[in-house]
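Trainee: First to last, the sequence lines map onto chains F and V.
The opening residue of the first sequence carries number 1 in my numbering; numbering runs sequentially from there.
The opening residue of the second sequence carries number 1 in my numbering; numbering runs sequentially from there.
These aren't lab readings, by the way, just hints derived from the structure by calculation.
Please note: incorrect hints may appear among the correct ones.
To be verified - Chain F is faced by these chain V residues, among others (derived, beta-carbon under 7 Å): (1) Arg131; (2) Phe132; (3) Asp152; (4) Ala156; (5) Leu159.
Note that the coordinates shown come from a computational prediction; the quantities given were computed from them, not determined experimentally.
Virtual Cβ for every residue (Gly too), placed ideally from N, Cα, C.
Number of protein chains: 2
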Amino acid sequence: MLASQDQSNELGITVKKVNELGYGWVITQHMIDIKRLPQIYERINVITEAASYNRYFCYRDFWITSEDGEELAKMHSVFVLMDQSKRKIARILPELIDPYASEYTKKIERLPEPEKIVADEQVRIKKYQVRFMDIDSNQHVNNAHYFDWMMDVLPADFLMSHSLKKMNIKYKQEVHYDDKVKSSVHIEEEEVIKTVHQIKTEQALCCTAECEWKTNH
Amino acid sequence: MLASQDQSNELGITVKKVNELGYGWVITQHMIDIKRLPQIYERINVITEAASYNRYFCYRDFWITSEDGEELAKMHSVFVLMDQSKRKIARILPELIDPYASEYTKKIERLPEPEKIVADEQVRIKKYQVRFMDIDSNQHVNNAHYFDWMMDVLPADFLMSHSLKKMNIKYKQEVHYDDKVKSSVHIEEEEVIKTVHQIKTEQALCCTAECEWKTNH
Chain F
1 MLASQDQSNE
11 LGITVKKVNE
21 LGYGWVITQH
31 MIDIKRLPQI
41 YERINVITEA
51 ASYNRYFCYR
61 DFWITSEDGE
71 ELAKMHSVFV
81 LMDQSKRKIA
91 RILPELIDPY
101 ASEYTKKIER
111 LPEPEKIVAD
121 EQVRIKKYQV
131 RFMDIDSNQH
141 VNNAHYFDWM
151 MDVLPADFLM
161 SHSLKKMNIK
171 YKQEVHYDDK
181 VKSSVHIEEE
191 EVIKTVHQIK
201 TEQALCCTAE
211 CEWKTNH
Chain V
1 MLASQDQSNE
11 LGITVKKVNE
21 LGYGWVITQH
31 MIDIKRLPQI
41 YERINVITEA
51 ASYNRYFCYR
61 DFWITSEDGE
71 ELAKMHSVFV
81 LMDQSKRKIA
91 RILPELIDPY
101 ASEYTKKIER
111 LPEPEKIVAD
121 EQVRIKKYQV
131 RFMDIDSNQH
141 VNNAHYFDWM
151 MDVLPADFLM
161 SHSLKKMNIK
171 YKQEVHYDDK
181 VKSSVHIEEE
191 EVIKTVHQIK
201 TEQALCCTAE
211 CEWKTNH
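Bound conformation, chain F alone:
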């Protein structure tokens, strides 16, 4: 996210400028593939490209590579522009997208939805209250904190013995300061080790995700 923000700053599309126009960039989906986690003190490259966009959606790719170019992880992300007073998705403004030299396309990508928790499945639940420091410049919980809630609800021994391979996370509704959220997970330990997550406030299903894991050796 910082790499993307650095690029925006270099192109003059600062958060401040976007906010002054009454908008904020908001992420609606991340699809993450992890081949190998970096080692402690390893030097890595963080690469990002604003790949393409249509009237409402911008598609951006991210990569983490080792110093000699080995791909460690990649991520495909969907950004939208939010009208900060209406709290609704707005059409992409040319002055906020042109500087990226991203490709315009009429096509709306049909990305897979994360699997959902089914009514009678066994789940683990933890509750969290949104903290002041969870809030970002869009006056809502920053995307990274959903990830914290989704990982923390997993049992400690699962977290110690598994590493994340893939994650598909979709953000549906904003979560605000002081909201109480419920993080639920269903764990499937079959051929593929999978966890299915949801984050709910009292009012709404705010975020769903599906993760694939491998066992640590």
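Given the coordinates of chain F, assemble chain V onto it according to the supplied hints.
Mentor: Just chain V, lined up with the frame of chain F:
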């Protein structure tokens, strides 16, 4: 803390080595003075020195300076060596202190205790459950997270309108995974704007702190 860890690694006193001997470095007190917070994208220096030690306590100083040497913040910290199986303070081992070329002294520093919350004072309270990611290599909550709990219990408008000038924080008892903690604060807005904090588990008073603030302009 990372600067101090980097120094330890360079001297061959890695966390791994300390753990293998059955010990862990633990912080018992920080005294922080902040003159000016760094600006976004400002380059800063982080400086640390293992100043002196006696049989049980090591005293370490930290500074943050601007690129041209202006002192932005400084911190005086007390470290002890914890026996990881007994969970008790151990005598400082020569092989773990000699490489720092720190000064040996018989004197035990008498640092001021943070002010305490008095029984009938008005307080704000928030409750937290310790998260998996709060735990460090000593198998207890890392010192940084007490700070999160102490800040988060303050009202959002106080946090938006004030900046931290000084903090004296004293760690008394370990907090563990899944523990429930209660963060309490008493706010004094007189000549000096001061907040007095405590972190309690159901069993014990674990941490106290006293902060001094200035109003943002």
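Trainee: If a hint holds in the structure, say so; if it doesn't, say that too.
Mentor: Each hint, compared with the structure:
| no. | hint | verdict |
| --- | --- | --- |
| 1 | Arg131 | holds, 5 Å |
| 2 | Phe132 | holds, 5 Å |
| 3 | Asp152 | holds, 5 Å |
| 4 | Ala156 | holds, 6 Å |
| 5 | Leu159 | holds, 6 Å |
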